[in-house]
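Asks: Sequential numbering of the sequence shown, starting at 55, is according to our numbering.
Warning: the hint list may mix true and false statements.
[What the hints assert, rightly or not] Below, computed lysine-lysine pairings styled on DSSO-like, alpha-carbon distance capped at 30 angstroms: (1) K243 x K200; (2) K116 x K165; (3) K266 x K243; (4) K195 x K165; (5) K129 x K212.
[Unchecked claim] Pairwise CB distance ranges (calculated): (6) S105 x S154: 41 to 51 angstroms; (7) N146 x S205: 52 to 62 angstroms; (8) K168 x T199: 28 to 38 angstroms; (9) E76 x K243: 39 to 49 angstroms.
To be clear, the hints were calculated from the coordinates, so they are not data collected in a lab. Beta carbons are placed, not taken as given, at the ideal position from N, Cα and C, and that holds for glycine.
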Amino acid sequence: MLKYFSILFLLISNFIFSQNNEYPFTGKVNANKVRIRTEPNLESAIIEELSKNELLLVENIKNDFYVIRPPQNSKLYISKNYVKDNIVIADNVNVRLKPSLESTIVGTINKNQKVEGSVSTVSNQWLEITPPETINFYISKDYVTKIGDESSYFILIKRKEEVNQLLNSAFFLTQMECKKPFNDMKPEKAISQFEAIIKGYSDFSDHVKQAKEGLALLKDTYLQKKIAYLESKMTLSSNEKDKIFKEVISTKDNSKPKSKPISKNIISKNLTDKMKKWLKEEKDIYLSWNTYYPNKSIEDFYDEQKANAITLNGVIVNYDDPVKNKPGNYLLKGETIPIAYLYSTIVDLEKYLGKKVNIIVSPRPNNNFAFPAYFVNSVKVE
């Protein structure tokens, strides 16, 4: 019997040790808009909402909630009256979510404790501080996936800071280069930074996705500017373009029934004002192409455009800025940044505003604006 209780005690001790040995660990949020709270229950105050893939240091578990260290870049507030030279000068000083006496109290700090912070921009009677180590937040354990031990957290946080800096630098360089004329562009550094993120930071999928979008944006803009630069060396006069266009129409009228429209691709049945604006633009682009392929029709031009088209996805939004020579009256937005300017003479893009779509597009001149421009051939709502 004594042997039995000895074994049972040993098993229980090992179980308790193994449970305690699970913490702390590095966790990753596995969903969007996950709430962290002041207490381990659903009735407690909400501190903030976290996005998918955010990193957390999990210190324990309580009532099906993980006890976590406040996320990186979290800020809390204490009254400036109780701090002198970054040292707390009273006991049990309340730490709050917002710089207000009505705000939720998330903990206290004691006399002689050091705090790092600055005067709040909302109220100069409060200090905005980095959360002390004595304060914890809570998150439902269902929304956190364990990805490593405690040391992994600090390694990954450092890598996240590195990839953030690299991504910000790459996008800054991209914006600078995209504003330059083609013969002044030097995109190599931005390209190398995007590629470094794609190849070296696969553990940060959101950053890799943004890097791929940025790289595609830069390469597309560079290519379009190169094409526009080369085409500018052999532009046609307005009279020459009109003459060629009339000849093409005449040829088509003689070879096809007169009742058939010139092109269902260039003219939609119900043109909106925004669509009509681009008819001349499309005519000029076709005529420039026709100088190289004089025996090809306008349908041939659009068939070739579709054959070489690419697919983009994102959300269509209006682009109503009153600027000259803008390359589209709509923008396609990715998750975080605009991807491209858009227009069409065959699809009423107004019907797709605010919707997430897949679009088949053909490149168009972007007139030295920040993003590439495209003609939309077709739209499919995701």
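Asks: For the pair E76 and K243, does the Cβ-Cβ distance stay inside 39 to 49 angstroms?
Replies: At roughly 45 angstroms between Cβ atoms, K243 and E76 fall inside 39 to 49 angstroms, so the hint holds.
Asks: Given the hint that K243 pairs with K200, does the C-alpha gap stay at or below 30 angstroms?
Replies: The given pair, whose Cα atoms are some 36 angstroms apart, is violated under the 30 angstroms limit.
Asks: Can the restraint linking K116 and K165 be considered satisfied, given a maximum Cα separation of 30 angstroms?
Replies: This hinted pair holds, its Cα atoms lying about 28 angstroms apart.
Asks: K195 and K165: Cα distance at most 30 angstroms?
Replies: It is violated: about 34 angstroms lies between the C-alpha atoms, which goes past 30 angstroms.
Asks: Given a hinted range of 52 to 62 angstroms, is it respected by the beta-carbon distance of N146 and S205?
Replies: violated, 34 angstroms
Asks: Does the structure keep K129 and K212 at a Cα separation of 30 angstroms or less?
Replies: Given pair K129, K212 holds - Cα atoms ~19 angstroms apart, limit 30 angstroms.
Asks: Do the alpha carbons of K266 and K243 lie within 30 angstroms of each other, as the hint requires?
Replies: holds, 15 angstroms
Asks: Evaluate the given range 28 to 38 angstroms for the C-beta pair formed by K168 and T199.
Replies: Check passed, 34 angstroms falls within 28 to 38 angstroms.
Asks: Hint says 41 to 51 angstroms; check whether the CB-CB distance for S105 and S154 agrees.
Replies: violated, 26 angstroms
In the structure shown, a violation is registered for the earlier hints numbered 1, 4, 6 and 7, in ascending order.
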